[in-house]
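Protein chains: 2
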Amino acid sequence: MHDEFLRAAIAEAESGLAEGGIPIGSVLVHRGRILGRGHNRRVQQGSAILHGEMDALERAGRLPASIYRESVLYTTLSPCAMCSGAILLYGIPHVVIGENLSFKGEEELLHARGGRVEVVQDPHCQMLMRRFMEEQPGLWNEDIGI
Amino acid sequence: MHDEFLRAAIAEAESGLAEGGIPIGSVLVHRGRILGRGHNRRVQQGSAILHGEMDALERAGRLPASIYRESVLYTTLSPCAMCSGAILLYGIPHVVIGENLSFKGEEELLHARGGRVEVVQDPHCQMLMRRFMEEQPGLWNEDIGI
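From first to last, the protein sequence lines stand for chains A and B. Residue numbering for the first sequence follows the numbering used here, beginning at 1 and increasing consecutively. Residue numbering for the second sequence follows the numbering used here, beginning at 1 and increasing consecutively.
Please note that the accuracy of each hint is not assured.
[Claimed, not checked] Using C-beta positions, here's what the derived DEER-type ranges look like:
| no. | chain 1 | residue 1 | chain 2 | residue 2 | range |
| --- | --- | --- | --- | --- | --- |
| 1 | A | 3 | B | 18 | 31 to 39 Å |
| 2 | A | 19 | B | 44 | 45 to 53 Å |
| 3 | B | 14 | A | 131 | 43 to 51 Å |
| 4 | A | 19 | B | 137 | 22 to 30 Å |
| 5 | A | 103 | B | 127 | 39 to 47 Å |
| 6 | B | 127 | A | 131 | 29 to 37 Å |
[Claimed, not checked] A few chain B residues facing chain A, derived, Cβ under 10 Å:
| no. | residue |
| --- | --- |
| 7 | 46 |
| 8 | 48 |
| 9 | 59 |
| 10 | 117 |
| 11 | 119 |
| 12 | 120 |
| 13 | 123 |
| 14 | 127 |
| 15 | 141 |
[Stated by the list, open to error] Rough simulated footprint, nothing fancy, chain B against chain A, three-plus residues with beta-carbon under 8 Å:
| no. | segment |
| --- | --- |
| 16 | 7-21 |
| 17 | 36-48 |
| 18 | 88-99 |
| 19 | 133-144 |
The hints are simulated quantities; they were obtained by calculation from the structure and are not laboratory data. We put the CB at the ideal spot given by N, CA and C, even for glycine.
Input sequences plus hints: build the corresponding full structure.
Structure follows, in structure tokens:
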């Protein structure tokens, strides 16, 4: 199951890269069905808030709390404070993270608030980020507020 | 100073209310100049992520970290986990909150991470939220993931 949804998140990251954007993707999954697919749109839309996870949540649309509370959020990279905050706001109980070697977000906060956090350490996710961070360090720093 | 910018955030909240939306507004201020004005757009745009603060950040556009770090975010209501996470992501050091009696967000987290958090307890902000929560409790609960 993980493989299928993480692959969908990676496909989003690659779409973002092909658009000239930051290669981070995410999908929101409810009972085995993808409700929203997203990727970082800082470059494409000049957005300060559309990280991959935020874009997946936005594209899933307005949902009742009961849906979020049975959902899993897949993301290719460890979620930053903003995206972790959105996960906390909606009470999404389970996050599957492609990798956290390039960047480690607020996993400890999610865990401390009772969330289940799984890190896959997927080589494809790592390669996408490593290459991007080398090629565009300024853009990457902007995306994480540095 | 506070008065002027909090009034701008309240004007945003009232614009949202007039559009049939949730009456929460925010402005991002850098050295005495408003860079972005926003209000909650859950109803207007079917958005799961455009809380007032997020909308203000989005409308301010892509900014270097150095600007955020000298900015103040004004919001009519205590910021939820998502909006507080965005404040942490960008290192916005100072948040002025219209009121936190209707809802108390992640003020303690912001404070623990070194942020300055001021709560004005403005009667106008309180009145806007109290009325809205009484009239549309379901919509309000949706907005905070309940």
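### Message
Hint residue 46 (chain B) vs chain A: min CB-CB distance below 10 Å?
### Response
holds (6 Å)
### Query
Under a C-beta cut-off of less than 8 Å, do 3 or more residues of the segment 7-21 of chain A approach chain B closely enough to confirm the stated coverage?
violated (count 0)
#### Entry: Status of the hint placing residue 59 (chain B) at chain A (closest C-beta pair under 10 Å)
holds (9 Å)
### residue 123 (chain B) as an interface hint toward chain A, with CB separation required under 10 Å
With a closest approach of 27 Å, the residue 123 (chain B) hint is violated.
#### Entry: Status of the given 29 to 37 Å range, CB of residue 131 (chain A) versus CB of residue 127 (chain B)
At roughly 53 Å between Cβ atoms, residue 131 (chain A) and residue 127 (chain B) fall outside 29 to 37 Å, so the hint is violated.
### Query
Regarding residue 19 (chain A) and residue 137 (chain B), is the given constraint of 22 to 30 Å on their beta-carbon distance met?
Once the Cβ atoms are compared, 41 Å apart, the range 22 to 30 Å for residue 137 (chain B) and residue 19 (chain A) is violated.
#### Entry: Hinted contact residue 120 (chain B) with chain A - closest CB pair below 10 Å
violated (23 Å)
### Hint validity - residue 141 (chain B) Cβ closer than 10 Å to any chain A Cβ
With a minimum Cβ separation of about 7 Å from chain A (threshold 10 Å), the hint on residue 141 (chain B) holds.
### Query
Does the Cβ distance between residue 14 (chain B) and residue 131 (chain A) fall inside 43 to 51 Å?
Roughly 47 Å apart at Cβ, these two residues keep to the hinted range, so it holds.
### Query
Quick one, is the residue 48 (chain B) hint okay against chain A at 10 Å, beta carbons?
holds (5 Å)
### Message
Under 8 Å between beta-carbons, do enough residues of the segment 36-48 of chain A, three at least, approach chain B for the coverage claim to hold?
### Response
Coverage by chain B holds here, the residue count being 4 at a Cβ distance below 8 Å.
### Query
Do the beta carbons of residue 103 (chain A) and residue 127 (chain B) sit within 39 to 47 Å of each other?
holds (42 Å)
In the structure shown, a violation is registered for the earlier hints numbered 1, 2, 4, 6, 10, 11, 12, 13, 14 and 16, in ascending order.
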